[in-house]
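So the protein lines, in turn, are chains A and B.
Under this note's numbering, the letters of the first sequence match residues 1 to 441, in that order.
Under this note's numbering, the letters of the second sequence match residues 442 to 668, in that order.
Because the hints were derived from the structure by calculation, they are not lab data.
All values reported here derive from a predicted model rather than from experimental measurement.
Built from N, CA and C at the ideal position, the CB exists for glycine as well.
Please note: incorrect hints may appear among the correct ones.
Claimed, not checked - With a straight-line cut-off of 27 angstroms between C-alpha atoms, the simulated BS3-like cross-links for lysine-lysine are: (1) K507(B) - K80(A); (2) K638(B) - K80(A); (3) K81(A) - K464(B); (4) K40(A) - K336(A); (5) K507(B) - K81(A).
Unchecked claim - Counterexamples of contact, computed for chain A against chain B with all Cβ distances above 10 angstroms: (6) E219; (7) N388; (8) G440.
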Amino acid sequence: MDKTPQTDPRQSWTFSNSVNSEIRRAAATGIYDIRGGGAKRRVPHFDDLLFLGASMSRYPLEGYREKCDTSVTLGTRFAKKPIELKIPITIAGMSFGALSGHAKEALGRGATMAGTSTTTGDGGMTEEERGHSEKLVYQYLPSRYGMNPDDLRRADAIEIVVGQGAKPGGGGMLLGQKITERVAGMRDLPVGIDQRSACRHPDWTGPDDLEIKILEIREITGWEKPIYIKIGGARPYYDTALAVKAGADVVVLDGMQGGTAATQDVFIEHVGQPTLACIRPAVQALQDLGMHREVQLVVSGGMRSGADVAKALALGADAVAIGTAALIALGDNDPKWEAEYQALGTTTGAYDDWHEGRDPAGITTQDPELMKRLDPTAAGRRLRNYLNVMTLECQTIARACGHNHVHNLEPEDLCALTMEAAAMAQVPLAGTNWYPGKPGF
Amino acid sequence: MTTLDMSTTPLREVNVTLQEAAKSQSNSAYEITNPRGSHAVAVGLDGPLSVTIKGSTGYYCAGMNKSATVRVEGSTGPGVAENMMSGEVVIEGDASQYAGATGHGGLLNIKGNASSRCGISMKGIDIVVHGNIGHMSAFMAQKGNLVVLGDAGDALGDSLYEARLFVRGSVKSLGADCIEKEMRPEHIEILKDLLAKAGADAKPEEFKRYGSARKLYNFNIDHADEY
Ligand SMILES: Cc1cc2nc3c(=O)[nH]c(=O)nc-3n(C[C@H](O)[C@H](O)[C@H](O)COP(=O)(O)O)c2cc1C
Chain A
1 MDKTPQTDPR QSWTFSNSVN SEIRRAAATG IYDIRGGGAK RRVPHFDDLL FLGASMSRYP
61 LEGYREKCDT SVTLGTRFAK KPIELKIPIT IAGMSFGALS GHAKEALGRG ATMAGTSTTT
121 GDGGMTEEER GHSEKLVYQY LPSRYGMNPD DLRRADAIEI VVGQGAKPGG GGMLLGQKIT
181 ERVAGMRDLP VGIDQRSACR HPDWTGPDDL EIKILEIREI TGWEKPIYIK IGGARPYYDT
241 ALAVKAGADV VVLDGMQGGT AATQDVFIEH VGQPTLACIR PAVQALQDLG MHREVQLVVS
301 GGMRSGADVA KALALGADAV AIGTAALIAL GDNDPKWEAE YQALGTTTGA YDDWHEGRDP
361 AGITTQDPEL MKRLDPTAAG RRLRNYLNVM TLECQTIARA CGHNHVHNLE PEDLCALTME
421 AAAMAQVPLA GTNWYPGKPG F
Chain B
442 MTTLDMSTTP LREVNVTLQE AAKSQSNSAY EITNPRGSHA VAVGLDGPLS VTIKGSTGYY
502 CAGMNKSATV RVEGSTGPGV AENMMSGEVV IEGDASQYAG ATGHGGLLNI KGNASSRCGI
562 SMKGIDIVVH GNIGHMSAFM AQKGNLVVLG DAGDALGDSL YEARLFVRGS VKSLGADCIE
622 KEMRPEHIEI LKDLLAKAGA DAKPEEFKRY GSARKLYNFN IDHADEY
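Build out the structure end to end from the sequences listed, making use of the hints.
Here you go:
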């Protein structure tokens, strides 16, 4: 007799295998999932925008002949010594402790060769990065680990961290495995303990206090250094406006795709707004205050290519910062370590247990043996190459749109592929002259 | 003794003068008159120098001090001696919130009372408060000693690391992971030394010691209610 036909076994979209695996993991361990990296879900991003290029109404510039400037100056508002960069791409703050000393050195080498700045992170300033970074931004974080007036004066700029895109409203986290003697010493903490950095600054609350805090820092450093304020992509219009009010020279705005060394997955995936959605409100705030280009805007969170850079600049940013992409250029998640990723229960491209300190690529670790795998000179060169490629790509696009400086890119050079991206970037949906929320429609 | 009158001298000039004098290792003495609650007075000093402020100051007085001695003949606003590295800061009156926040070293000597979050995230500084301290004091305090001759407010030493807390009066409540600990001879010695340095009229034996139970040092699901 014929068998009764059966429907194929059907997986639930709501309860997918991946969702179920997380439920089983939670049930077995009783603790939320902690990981590194940024949001992994797909959110509207720069891929959803296109440049229009030149045509009858716009003249392009000759690719190999006509100049297209990429220089950017950060900190022109109050600082006596603004930072001059050759390219509009900076290296974002990544903590020593999360990263090895070699990785910090490699970031410094690569950035310096490319003519841009690097940034310290939670845990203080290391000799590796100060020594190898021609321009170093010193982060002023709620934890104040390793904070001291000498390093403040050795820095080229100071970045007050209010938030991070991966976890707006969250503090730092560095688990016991990575708290070696050197890391613990710099943080004035015992070796081997889980270390949670505070999410609020210990000695100010709100923008009125912050204004006085900035006065103090400027008085200590002789009004020389640009002061940046870094905010996560939470309420970009008001946060930017208040940062300007508090006296920032530069606003650093980090969207939800922005990486982190270690945070709860639920935080990374469910708190904060996509980078694309943050830029226009921030630029609007600057324009409303008459401060666009006066206070520079640095955008980060998911920057991967010169096209991403060009799009961020076209929407009004002055520069971008990269974290994850810089680590990948150094050698993070490289397929050559696939066997070791497999042994850790993961695979190339998905490795994100940076907090465990067992990084096969030797970047997010404090293990002396693993650290040796990263040659800081070679890795620095790779980062330099990558930064150069991003810059060339950005210039290619700017020339195609007829601009002799990448800062002349503008929203009118763009269209959007989706309604969401059109609404967030406030540029017309491709083939139309309309975007959701456009005045007059 | 050089006098800087803040009713006629701008803050920038006051700080530059003091910072240069400290750097020159001249060990000289300065007096600041009419501070009138100004913020960031005598900040970033790095070297032996004696500064007396005749009146009350605003936020962050003597911030990031190194080696210098700053005496305030009045009260101070929030964050006095924040992130101090070394030297001494003496306040004849009261101190507002976050006194000595994140301090790495030196002595902060408060003759009056201190408000909430005194010694928050302290990293090696010694703080002596002759009066009382407010709530959430020594929150996440990492290292150093906090000595209180009077009473402590709510949630003392919440999420404490290795800092030592000595209180003579009452403690309204202890924060998460903060417990009373045995006062051993070495603690009596530390306390004796600090009381002497601060010119405090109290006996070490009158104090109780509080410190970290160290239960929150590594995540344990059974302690999740504490957070
Ligand atoms: C390993 C790692 C460590 C980080 N540490 C810090 C930090 O200490 N302070 C901070 O403000 N941001 C930190 N960040 C966030 C970056 O500064 C930046 O906002 C983010 O990486 C930008 O997004 P992207 O990774 O998509 O380029 C870290 C990011 C990574 C990947």
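(request) Go through the numbered hints given earlier and state which of them the structure violates, listing their numbers in rising order. (result) Per hint list: 2, 6 violated.
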